[in-house]
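> Chain by chain, the residues run as shown.
Number of protein chains: 2
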Amino acid sequence: MPEYKAPLRDMRFLIDNVFDFHGHYAALGATDASPDMVNAILEEGAKFCENVLSPLNRSGDEEGCHFDNGVVTTPRGFKEAFAQYVEGGWHGVAADPAYGGQGLPQSLGLVLSEMIGSSNTSWGMYPGLTHGAMSAIHAHGTAEQKDIFLGKLTAGEWTGTMCLTEAHCGTDLGLIKTRAVPQADGSYAVTGSKIFISAGEHDMSANIIHLVLAKLPDAPAGTKGISLFIVPKFHADSGERNAVNCGAIEHKMGIKASATCVLNFDGAKGFLIGEANKGLNCMFTMMNHARLGTGMQGLCNGEASFQGAIKYANDRLQMRSLTGAKAPDKAADPIIVHPDVRRMLLTMKAFNEGNRALTYFTAQLLDTAHLSSDAGQRQEAEDLLAFLTPICKAFMTDTGLEVTNHGMQVFGGHGYIREWGMEQLARDARIAPIYEGTNGIQALDLLGRKVLGSQGKLLRGFTKIVHKFCAANAEHAQLKSYVAQLNQLNQQWGELTSQVGMAAMKNPDEVGAAAVDYLMYSGYIILAYLWLRMAIAAQGHGDAEFAKAKLATCEFYFKRLLPRTATHRAAVEAGSECLMSLSAAAFMLE
Amino acid sequence: MPEYKAPLRDMRFLIDNVFDFHGHYAALGATDASPDMVNAILEEGAKFCENVLSPLNRSGDEEGCHFDNGVVTTPRGFKEAFAQYVEGGWHGVAADPAYGGQGLPQSLGLVLSEMIGSSNTSWGMYPGLTHGAMSAIHAHGTAEQKDIFLGKLTAGEWTGTMCLTEAHCGTDLGLIKTRAVPQADGSYAVTGSKIFISAGEHDMSANIIHLVLAKLPDAPAGTKGISLFIVPKFHADSGERNAVNCGAIEHKMGIKASATCVLNFDGAKGFLIGEANKGLNCMFTMMNHARLGTGMQGLCNGEASFQGAIKYANDRLQMRSLTGAKAPDKAADPIIVHPDVRRMLLTMKAFNEGNRALTYFTAQLLDTAHLSSDAGQRQEAEDLLAFLTPICKAFMTDTGLEVTNHGMQVFGGHGYIREWGMEQLARDARIAPIYEGTNGIQALDLLGRKVLGSQGKLLRGFTKIVHKFCAANAEHAQLKSYVAQLNQLNQQWGELTSQVGMAAMKNPDEVGAAAVDYLMYSGYIILAYLWLRMAIAAQGHGDAEFAKAKLATCEFYFKRLLPRTATHRAAVEAGSECLMSLSAAAFMLE
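Top line first, the protein sequences correspond to chains A and B. Using full-length UniProt numbering, read the first sequence as starting at 1 and increasing by one per residue. Using full-length UniProt numbering, read the second sequence as starting at 1 and increasing by one per residue.
If you're looking for bench data, these hints aren't it; they were derived computationally from the structure. From a predicted model like this one, the values you see are computed outputs, not experimental measurements. Please note that a few of the clues may not be correct.
Which copy? The list can't say, so a pair holds if one copy fits it or any two copies do.
List time: in silico DMTMM-like cross-link candidates among lysine to aspartate or glutamate, alpha-carbon distance up to 25 Å [said to hold, decoys possible]:
hint : residue 1 : residue 2
1    : Lys559    : Glu475
2    : Lys224    : Glu475
3    : Lys152    : Asp237
4    : Lys311    : Asp172
5    : Lys177    : Glu382
6    : Lys464    : Glu380
7    : Lys559    : Glu573
8    : Lys278    : Asp218
Please model the entire structure based on the sequences and the hints provided.
What follows is the structure, encoded as structure tokens:
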């Protein structure tokens, strides 16, 4: 298993040189997020992830979770690591101080989350889901609900879940069958079966607080009739067991140490949170955060995979360089001398560092949306977040999967063997394009709801930033040709969008036909912008080798990865007809 | 698990309408391969694969192989299935009648292999490796060696292996350490340790015949000092156990029911096969076949995945079509109405059917190379085979992996759950781009050895075919715009090759830098040619729906997949500098 080392140099580069986190925090009045505090989070967070979580990653995969008559046991060491994490105060880093949190900006929470996810994706699911539940309760709960639940959740005594999916519906939540019947005491009796509930049952906390989508008896049909309920495993007052039980855990391709549960609610006592029939809206308010977190899993598994691959490529001796032996004293050259191995490593590096920049860029927007005192600024940040979130989720997870596959390939046959840990990363990475809204759904959200739904306004909010950047750097000595290339793509982006918009007015299927390629096309342009920002910022970096590497990786990105936009554009332009002309029957075989 | 149904309609379409197998067999004098015989292989082979192998696929994955003190047990039912397979005469379909085979053309063997690999990839490894060993012995063994080994191998009483890789070398076989010391009786004492030996030890046959690469004491260094030895598990004469033992089996990402063994040779008695120090050449003579077989695994897993996905897409109800309800009587529309689901399904269909056409096209060349009485024709077929083999291996396995990933994605969360079987196909498919020479190595073989090594001659052998085809169909009523597009790409292919060739004369790293993208670029053009052939041939097909589907899928291929050539071309043209400028140290993190 690759031993995780937090990429602190790159993180500090983004924090200090590219995105000026200190100025950003100062402007938002987030005085607690001082340079010393940021440094402490980086240093101590890295130690915890490297020393506690990383060593449990492979054993967690091998052991998996165990289910026995409703009881779920997490792999050896998971429970203890969670206790240490809580003890270290990590769980409440970005939580509300009113309920025991440290109140640091969301962006710092995400910096920490990357390290957690890179060292142990499965383990990270437990606190991750709890943070999701905390956000929902914080945003929509009554004062009493917050008092009852948020303190214990922040303290890590209790953990949380989000219960959406049922066997017959995932994307189409309007179809859910779970019912909530009002009781005389103001509570609800929740009955139904939920599947794919991460952290739905486990042994890491004293109680589990489920946030459950269900329908009231008189609810309108479809998504407008869904409400959200808090259903604790143990009643908060009496401590007695509620009528919710884990019926099974799933056997999955990866994230095997994350318990994915079937939860049966049998008239369980629940409490309405937020307005009746507005449950989906409540869920959506925390989606930005959750989707960014899921997007980051692409980065996390990609980073871990790169760390394994780069080490192996330097150690493994195989064949001689075609331009003459590079390690003549050894039996063969290390494989990093071979251009095709470098192609894979640079692809990994360019995506990881680009995706990290995208994460940090977006994380700052989260801060601004939460903390700015300027309503206009908050709205601008919200708009950019709405635009970027589906791209973060889908682009980062698709490219993350590609990265982990390159990582395996660098190892050759050893990449396929479990003991090396590289294949686990590819298996763990494979869920991220699926859950939290499939990447296809993200793409529809981006193109249909966000871009076309705003008549292009949300797109223009971003292209304007790129346009300004290109104008400001049009004469950059080393990079002007790349700036020009970005500027041209930025214009083309708008044109392509108008084209699809026109076509969609005549035929709504044009949106679905274009969506995934449109999202990937957008992601490549956004990363190009971020890569240029990094290449420029790196010129002021004290470490000349580091600066050179950033420049070289930027160049690689523009020459070898950005051309993929041409293919995605062509696919978008191909339109829906070639997708829709076949009858469903004609797809079949016999 | 998707229940496998052999795609007989598509197979017959290729055999009858596209490639005229009957005329092909008649021209080669392969009279045994009569239409009735072909039909029997298709019908009966399908039954065996559907009824015997397919039901063992998922249980084989769950059980895996068991290792206990040198003894390997295959999953429940594997041994019995092998006995049935041998009993049915399937093992010797394409084997030499002089040793008990049926002597049918290789192409028929491959038609059968596809069905085997699609229904159970892991199981298919055991006969597959045996066929490899049989080819090597047939091509290079002495008459005595053939007499001793080929009969039993053809009969399936014994099975075979190919022992190349050692812990420190896979690609770079010049580094092998296994030694063979001549003995007074003319045999050799073979000592060393081999890893990743598929079917190296198991319970399916009475004896296992290992073909082992080793070095003689006086061997020249590197690949020119490697010899090939036959090392039986039990001595053919005495039946006593030889000094070869299985030290362990690997725990892998997939193909878990295929025993991947560490084999320890401890002065084992072996017999030189072929000339001393020419062992690698002996291996290479069977590589074409083995690599085509591995390439087919991309098709096999892709086909199985498509069968699962198409069924699910018709069954699963989720959301309404944006152009109005298509199944208003149901709770939601089947997901096949959604354009993005169709994008995934059509991508799968276009690659699978294209890859099947590529397999059949190449299989005919194998026949011609083996059976033609015309030396010129044989040479032409050999040249085309040399050119196409690395493309079959790498392009088909890379696209096969993509296909199985789409298959998972169509299933949403259920795609990640083991019981549905879709994730197994993606895990099983993941080995194919790695073994039998990584796809990076295939690409070097194609561009460096085959294309540039022949001064473009091997490429021109193929582009000439495409050129003629385009000339003949330039005025095709429905397809002429695609024909023109293919014709243009075909010219560009030559130009791009010259460009790389020029660059490579100055800098050999240009080959490695371009190779993988060049191979994929080539693969997409070849599939475009084959898709047009299919679309044209389909017009004469009796089933109008089938013909329409071929035309629509061809159109989809040209509009949505072929544009990927633009990206690959740009990557080729980017050259090596952006890969080579970074120092190995600068890749590292801290």
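> A separate judgement is required for each hint: does it hold in the structure or not?
Hint check:
no., hint, in the structure
1, Lys559 x Glu475, "within (20 Å within a copy, 38 Å between copies)"
2, Lys224 x Glu475, "neither (53 Å within a copy, 56 Å between copies)"
3, Lys152 x Asp237, "within (13 Å within a copy, 76 Å between copies)"
4, Lys311 x Asp172, "between (44 Å within a copy, 19 Å between copies)"
5, Lys177 x Glu382, "neither (33 Å within a copy, 63 Å between copies)"
6, Lys464 x Glu380, "within (12 Å within a copy, 58 Å between copies)"
7, Lys559 x Glu573, "both (23 Å within a copy, 9 Å between copies)"
8, Lys278 x Asp218, "within (14 Å within a copy, 81 Å between copies)"
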